[in-house]
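Below are the chains, spelled out letter by letter.
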Amino acid sequence: MRRDIFQAIADPTRRAIIALIALQSMTPNAIADNFHTTRQSVSKHLRILTECQLVKQEQQGREIYYSLEIEKMKEIDKWIEQFRKIWETRFNQLDNVLSTMKKQKK
Amino acid sequence: MNNSLLFDFTVDKAAKTVYITREFDAELSLVWDAFTKAELIDQWIAPKPMTAKTKYQDFKVGGKRFYAMISPEGQERWAIQEYTSITPKTNFKMYNAFADAAENPELPGSEWDHTFSEQNATTKVNITIYNESLERLERILDGFTQGMKMSLANLENLLATLSKK
Chain A
1 MRRDIFQAIA DPTRRAIIAL IALQSMTPNA IADNFHTTRQ SVSKHLRILT ECQLVKQEQQ
61 GREIYYSLEI EKMKEIDKWI EQFRKIWETR FNQLDNVLST MKKQKK
Chain B
107 MNNSLLFDFT VDKAAKTVYI TREFDAELSL VWDAFTKAEL IDQWIAPKPM TAKTKYQDFK
167 VGGKRFYAMI SPEGQERWAI QEYTSITPKT NFKMYNAFAD AAENPELPGS EWDHTFSEQN
227 ATTKVNITIY NESLERLERI LDGFTQGMKM SLANLENLLA TLSKK
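Sequences listed follow chains A and B, in order. Sequential numbering of the first sequence, starting at 1, is according to my numbering. Sequential numbering of the second sequence, starting at 107, is according to my numbering.
To be clear, the hints were calculated from the coordinates, so they are not data collected in a lab. Please read all numbers here as calculations on a predicted model, not as lab measurements. Just so you know, not all the hints are guaranteed correct.
Footprint (simulated), chain A over chain B, 3 or more residues, beta carbon under 8 angstroms [as the list claims (entries may be wrong)]:
id, segment
1, 131 to 141
2, 178 to 192
Coverage of chain A stretches by chain B, computed from C-beta distances (three or more under 8 angstroms per stretch; other residues unrestricted) [said to hold, decoys possible]:
id, segment
3, 86 to 93
4, 97 to 105
With a straight-line Cα cutoff of 30 angstroms, these simulated DSSO-like cross-link-like pairs (lysine-lysine) come out [stated by the list, open to error]:
id, chain 1, residue 1, chain 2, residue 2
5, A, Lys44, A, Lys56
6, B, Lys166, B, Lys199
7, A, Lys74, B, Lys119
8, A, Lys74, A, Lys85
9, B, Lys230, B, Lys170
10, B, Lys199, A, Lys78
11, B, Lys119, A, Lys102
12, A, Lys102, B, Lys143
13, B, Lys230, A, Lys102
14, A, Lys106, B, Lys195
15, B, Lys122, A, Lys72
16, B, Lys170, B, Lys159
17, A, Lys74, B, Lys122
18, A, Lys102, B, Lys122
19, B, Lys154, A, Lys85
20, B, Lys143, A, Lys106
21, A, Lys102, B, Lys195
22, A, Lys44, A, Lys85
23, B, Lys161, B, Lys199
24, A, Lys105, B, Lys195
25, B, Lys159, A, Lys103
26, B, Lys143, B, Lys122
27, A, Lys74, B, Lys170
28, B, Lys199, B, Lys122
29, A, Lys103, B, Lys166
30, B, Lys154, A, Lys105
31, A, Lys85, B, Lys170
32, A, Lys56, B, Lys119
33, A, Lys102, B, Lys161
34, B, Lys122, A, Lys105
35, B, Lys199, A, Lys105
36, B, Lys143, B, Lys199
37, B, Lys119, A, Lys72
38, B, Lys230, B, Lys199
We treat Cβ as the ideally placed atom computed from N, Cα and C, and that holds for glycine.
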């Protein structure tokens with residue numbers, strides 16, 4: 001199932017997990033130690049993040065380590081940047097409208 | 107263009123809210139008009155190459171503006187804004203929803219809040235947009251980028267035609 005990347009980061013626990021593993025890859029147990037929640041609930045969040053391809057898993061010995069997919073995070077920045085661009089264009093157009101209005105007033 | 111004018115744009119995805127602040131080199135009454143009078147809104151609200159047209163507007167609480175964003179190919183995307191609160195030259199709020207050409211809204215929409223203030227002949231506008239659904243935000247963006255892409259494709263075609271000559 002393909003999930004919406006924004007759904008992934010709409011949850012505060014998942015954002016906290018992202019912040020944690022942005023620094024270093026971690027096992028689910030190590031991640032769960034940082035939250036007052038069950039190991040099961042952390043696993044669920046990790047599964048959603050994995051489905052969104054925001055995190056990747058790596059097997060090291062008997063442990064699975066989770067780390068952040070930096071490229072996928074950049075997609076979010078790009079998305080916001082496109083939005084910003086639309087508003088920038090809009091407001092530049094508005095600057096022109098206002099300057100015409102000013103001239104007409106005189 | 108005055109580049110020292112403030113422009114701030116942030117998206118709080120957890121709160122599903124977009125915050126926009128912009129200063130304008132004009133007195134408040136002009137900026138207020140540019141945001142609230144349909145014939146002026148239509149001149150700037152659609153990022154080029156899109157255009158906007160308002161079918162009707164009734165700027166009062168409970169009144170509506172029914173308008174379309176039109177792509178360079180003439181494709182119309184209709185939307186309805188309902189004014190939910192108006193404090194003249196200070197603040198107005200509205201509920202914005204996509205619609206079909208027969209004015210049937212597609213819910214959920216988004217809640218818009220505009221606040222105007224003037225200082226030293228510069229007018230500052232704060233806009234917050236709350237979206238119940240982030241997917242809806244993505245849809246808006248898709249619409250705009252498609253409009254842009256299409257006009258770029260047109261330009262490429264034109265250039266290709268010209269170069270063949």
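Hint by hint, here is what the structure shows:
1. 131 to 141: With 6 residues in contact (Cβ-Cβ under 8 angstroms with chain A), the coverage given for the segment 131 to 141 of chain B holds.
2. 178 to 192: Not satisfied, violated; 0 residues make the cut.
3. 86 to 93: Coverage by chain B holds here, the residue count being 8 at a Cβ distance below 8 angstroms.
4. 97 to 105: Per the Cβ count (6), the hint holds.
5. A/Lys44 - A/Lys56: holds, 14 angstroms
6. B/Lys166 - B/Lys199: holds, 11 angstroms
7. A/Lys74 - B/Lys119: holds, 15 angstroms
8. A/Lys74 - A/Lys85: holds, 16 angstroms
9. B/Lys230 - B/Lys170: holds, 25 angstroms
10. B/Lys199 - A/Lys78: holds, 29 angstroms
11. B/Lys119 - A/Lys102: violated, 37 angstroms
12. A/Lys102 - B/Lys143: Given pair A/Lys102, B/Lys143 holds - Cα atoms ~16 angstroms apart, limit 30 angstroms.
13. B/Lys230 - A/Lys102: Given pair B/Lys230, A/Lys102 holds - Cα atoms ~17 angstroms apart, limit 30 angstroms.
14. A/Lys106 - B/Lys195: holds, 21 angstroms
15. B/Lys122 - A/Lys72: holds, 20 angstroms
16. B/Lys170 - B/Lys159: holds, 14 angstroms
17. A/Lys74 - B/Lys122: holds, 19 angstroms
18. A/Lys102 - B/Lys122: violated, 36 angstroms
19. B/Lys154 - A/Lys85: holds, 11 angstroms
20. B/Lys143 - A/Lys106: holds, 20 angstroms
21. A/Lys102 - B/Lys195: holds, 17 angstroms
22. A/Lys44 - A/Lys85: Since the Cα atoms of A/Lys44 and A/Lys85 sit roughly 36 angstroms apart, the hinted pair is violated (cutoff 30 angstroms).
23. B/Lys161 - B/Lys199: holds, 20 angstroms
24. A/Lys105 - B/Lys195: holds, 18 angstroms
25. B/Lys159 - A/Lys103: holds, 24 angstroms
26. B/Lys143 - B/Lys122: Answer holds: B/Lys143 to B/Lys122 is near 28 angstroms, not above 30 angstroms.
27. A/Lys74 - B/Lys170: violated, 38 angstroms
28. B/Lys199 - B/Lys122: holds, 17 angstroms
29. A/Lys103 - B/Lys166: holds, 28 angstroms
30. B/Lys154 - A/Lys105: Distance of about 26 angstroms is within 30 angstroms: holds.
31. A/Lys85 - B/Lys170: holds, 27 angstroms
32. A/Lys56 - B/Lys119: holds, 22 angstroms
33. A/Lys102 - B/Lys161: Holds: A/Lys102 and B/Lys161 sit about 26 angstroms apart, inside 30 angstroms.
34. B/Lys122 - A/Lys105: Judged against 30 angstroms, a Cα distance of about 40 angstroms means the pair is violated.
35. B/Lys199 - A/Lys105: Holds, at about 27 angstroms.
36. B/Lys143 - B/Lys199: The hint holds at about 14 angstroms.
37. B/Lys119 - A/Lys72: holds, 16 angstroms
38. B/Lys230 - B/Lys199: Holds - the C-alpha atoms of B/Lys199 and B/Lys230 are around 16 angstroms apart, at most 30 angstroms.
Hints 2, 11, 18, 22, 27 and 34, counting from the list given before, are not met by this structure.
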